[in-house]
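Peer 1: Now for the letters of each chain:
Protein chains: 2
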Amino acid sequence: MSILIKDAIILTQDNEREVRKGDIYIEDDAIVEISDRIKIEAEYTIRGKLVMPGLINTHTHLPMTLMRGYGDDLTLEEWLTTRIWPIEKKLDKRMVEAGTRLALLEMISTGTTTCSDMYFFEDTIASTCKEMGMRCFAGFSIIDFDTPEMKKEMLLPECEKFIRRWKDDGLVTPVVAPHSTYSCSPETLQKSAELAEKYDMMLHTHCSETRKEVYDVVERYGVRPVEQLEKNGMLTEKTVLAHCGWITKEEVRQIARAGACVSHNPVSNMKLATGGFTPLPELFDAGACVTLGTDGAASNNKLDMFETMKFAALIHKHHRWDAQIVTAQQTLDMATVNAASYLGINAGSIEEGKKADLICLDTNMPNLAPMHNPISHVVYAASGFNVSSTIIDGKPLMLEREFHYFNKQKILEDAEKAKNELVSD
Amino acid sequence: MSILIKDAIILTQDNEREVRKGDIYIEDDAIVEISDRIKIEAEYTIRGKLVMPGLINTHTHLPMTLMRGYGDDLTLEEWLTTRIWPIEKKLDKRMVEAGTRLALLEMISTGTTTCSDMYFFEDTIASTCKEMGMRCFAGFSIIDFDTPEMKKEMLLPECEKFIRRWKDDGLVTPVVAPHSTYSCSPETLQKSAELAEKYDMMLHTHCSETRKEVYDVVERYGVRPVEQLEKNGMLTEKTVLAHCGWITKEEVRQIARAGACVSHNPVSNMKLATGGFTPLPELFDAGACVTLGTDGAASNNKLDMFETMKFAALIHKHHRWDAQIVTAQQTLDMATVNAASYLGINAGSIEEGKKADLICLDTNMPNLAPMHNPISHVVYAASGFNVSSTIIDGKPLMLEREFHYFNKQKILEDAEKAKNELVSD
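Chains B and D, in that order, are what the protein sequence lines are. 182 is the number of the first residue of the first sequence in our numbering; add one for each residue after it. 182 is the number of the first residue of the second sequence in our numbering; add one for each residue after it.
It should be emphasised that the hints constitute simulated quantities derived from the structure, not laboratory data. Bear in mind that the values here come from a model prediction, so they are computed numbers and not experimental data. Heads up, some of the hints might be wrong.
To be verified - No farther apart than 27 angstroms at their CA atoms in a straight line, the calculated lysine-lysine pairs in the DSS-like style are these:
| id | chain 1 | residue 1 | chain 2 | residue 2 |
| --- | --- | --- | --- | --- |
| 1 | B | Lys-598 | D | Lys-202 |
| 2 | B | Lys-598 | D | Lys-187 |
| 3 | B | Lys-270 | B | Lys-220 |
| 4 | B | Lys-372 | B | Lys-412 |
| 5 | B | Lys-591 | D | Lys-576 |
| 6 | D | Lys-591 | B | Lys-187 |
| 7 | B | Lys-372 | B | Lys-333 |
| 8 | B | Lys-589 | D | Lys-187 |
| 9 | B | Lys-187 | D | Lys-412 |
| 10 | D | Lys-576 | B | Lys-202 |
| 11 | B | Lys-271 | B | Lys-591 |
| 12 | B | Lys-202 | B | Lys-271 |
| 13 | B | Lys-202 | D | Lys-591 |
| 14 | D | Lys-202 | B | Lys-591 |
| 15 | D | Lys-598 | B | Lys-589 |
| 16 | B | Lys-187 | D | Lys-598 |
| 17 | D | Lys-393 | B | Lys-202 |
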């Protein structure tokens, strides 16, 4: 397959963060050429857009689109115990597939080209991502409870099978995802870490999302969550820590020393009123890798990474009474190059030889006019709805807001049906 | 003109906050009938949407779209002195018109049906709103400096002429808008208040946006901004106070007692890192009227009231560590019924006899599926881009995202040209 993008404004996100004009030629899964004028016939031609690397969402729970708007204005604990957990018990493969398809449709239509998921039925999620063409780090959840899918003692052995099944796939990368330090025993954490190490896979876990969680872990184990992860082999240079809203300066240093990565989820944290906030400036200063996530649609309530970028930049300005503390460029870096580099994918910037994971924005829209500064526009003025085309692994999954490989209507209807089954008595 | 909306889910925002299904029939500027099935032929027919009152933006500076993205990541003071004020000096009528048109295009396309503006060249802004069909409370700025339009001593007499010219218009309502307590002397405030009283017009001013402003006013006048307004006749039941981020509990009580209205602008306040935050729960408890605004596009950087609703609900949950403190319903009320009631327009809810200021959302989109709760979807999951049709005063300004009365392309091009003139040396 070949795609030619003509007359683009390109936010390269290369080392110089160059913004340039030019054409881009894509063949198969790669960006082959970027230059002032390319005269090649391609299968698809796109004209006159703002082109940027696709956004990378490092923490989500794809099937939770089915619970979008089912229980708002509740604390995390109430939300989980009275709303989410009771209906999660009813989930089956078919519903998970319907919810995942809806999530991918939303992500593709709003410019996300890679996601890092963790949930139950992860094999179903992985297959759905593969089939729809989403690059996915699929986190197989490990937890000390029975899940809607299987008994707890089956989780680690099934996770190993899952890794073997997916480890050589080009689009889906299996990840070991012990849920958290409050829901996994030290033994479970250790075994998860060993499993990840055995296959050289990544780890993904929740860390210090709420204050209660921190003090529960301190009470039970005498250490805070980050130290608990470290003690049990989970704090590695291949670990994604979601949230980190309640970490100390010492934990910031531990994370940076270990080379772990933080996934900051501002919208979900604010909506659930988790109170504490990921200390971005301190993490930056310590040299830690920081990326962005939406969390699941049930606590966000959407999966639009443009919105997440804006919330991320603004909440920290507000928090520190400092309008310069997290800039537009730093925010865009978190959602593109930082995440790609941490996850080890040859994407996140638009350069020859990189994977063709990129998006085109229609700047001919009121909210992106006039054009002073494209970086500013992308972070502060754009919406996922400005995305006109989404290309993942060289495949044009959306072109001029039309989906070429899947039936939008059927996906929306299936999700509605699955939701009705979930909430029926 | 007549419009029939068939098979709608209607967020009525009536006294019972009823959500119902049905048809809506609009004739001329009014909602004539709402019932289960209406069999009337109408000029326009819309089908199967979520219908809600149009959103009301109570604080903006329309022409500042021209400065969208021109100077980000700066404090309010730096932003004003190094970026905004130097180029504002170059503004002329033609540029103001171009910027206003762009703002209205953006607002209409994202579901705003009434705005409360304040700027220079307000007569030009008023005419542009009238021509494009936007319901506007046009605030003629009064300030103790010469403006790009006229000498300071001309402002009050010109404002009076402006009031006479517009006071009987059905779409544009003139408003007296002294800029703030730090930029207007007591005498200017008093004369503004007298002028408003003489014609029974509303007042609109900035109030306690930054901490510096508060302490400057305290140092100069010995009282805080709200008391300074009260002392000078400006705190009335027809006053809109933008921001109120740094007000005390006593000022909350003063505002409520006077029956003044607060316009909360969360996105702009966060972006400019003004630090303090409008005390919504205390204002609600005191019975004050609270509404929402975007502020100008230069400090937001868009004019999407859906985004503003989400920021408003989430920042307070985060601030108070309480997910219930500002609910989806309260947020929607601020942006619809509260504002309409304060401004004295017969709109803000969908009921027979009300003005036809309403919007239709296309729920057949990934971010609004599945449907558990439409109020939740509107506040937490929707974007202005979900708006498919916008009707103001019974006129369908946007239908299925097409503009029927103006040339989008020309508006975008004129704004780009005006911007180029503004930033050229």
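Peer 1: With reference to the structure, classify each hint as holding or not holding.
Peer 2: Tested hints:
1. Lys-598/B x Lys-202/D: Measuring from Cα to Cα gives roughly 20 angstroms; hence the hint holds.
2. Lys-598/B x Lys-187/D: holds (23 angstroms)
3. Lys-270/B x Lys-220/B: violated (56 angstroms)
4. Lys-372/B x Lys-412/B: holds (13 angstroms)
5. Lys-591/B x Lys-576/D: This hinted pair is violated, its Cα atoms lying about 34 angstroms apart.
6. Lys-591/D x Lys-187/B: holds (23 angstroms)
7. Lys-372/B x Lys-333/B: Within the cut-off at roughly 13 angstroms; holds.
8. Lys-589/B x Lys-187/D: holds (23 angstroms)
9. Lys-187/B x Lys-412/D: violated (62 angstroms)
10. Lys-576/D x Lys-202/B: violated (41 angstroms)
11. Lys-271/B x Lys-591/B: Roughly 22 angstroms separates the two Cα atoms, so the pair holds.
12. Lys-202/B x Lys-271/B: violated (51 angstroms)
13. Lys-202/B x Lys-591/D: holds (24 angstroms)
14. Lys-202/D x Lys-591/B: The hint holds at about 24 angstroms.
15. Lys-598/D x Lys-589/B: With a Cα-Cα distance of about 39 angstroms, the restraint between Lys-598/D and Lys-589/B is violated, given a limit of 27 angstroms.
16. Lys-187/B x Lys-598/D: holds (23 angstroms)
17. Lys-393/D x Lys-202/B: Status violated; Cα separation ~42 angstroms.
Hints 3, 5, 9, 10, 12, 15, 17 from the earlier list are contradicted by this structure; the remaining hints agree with it.
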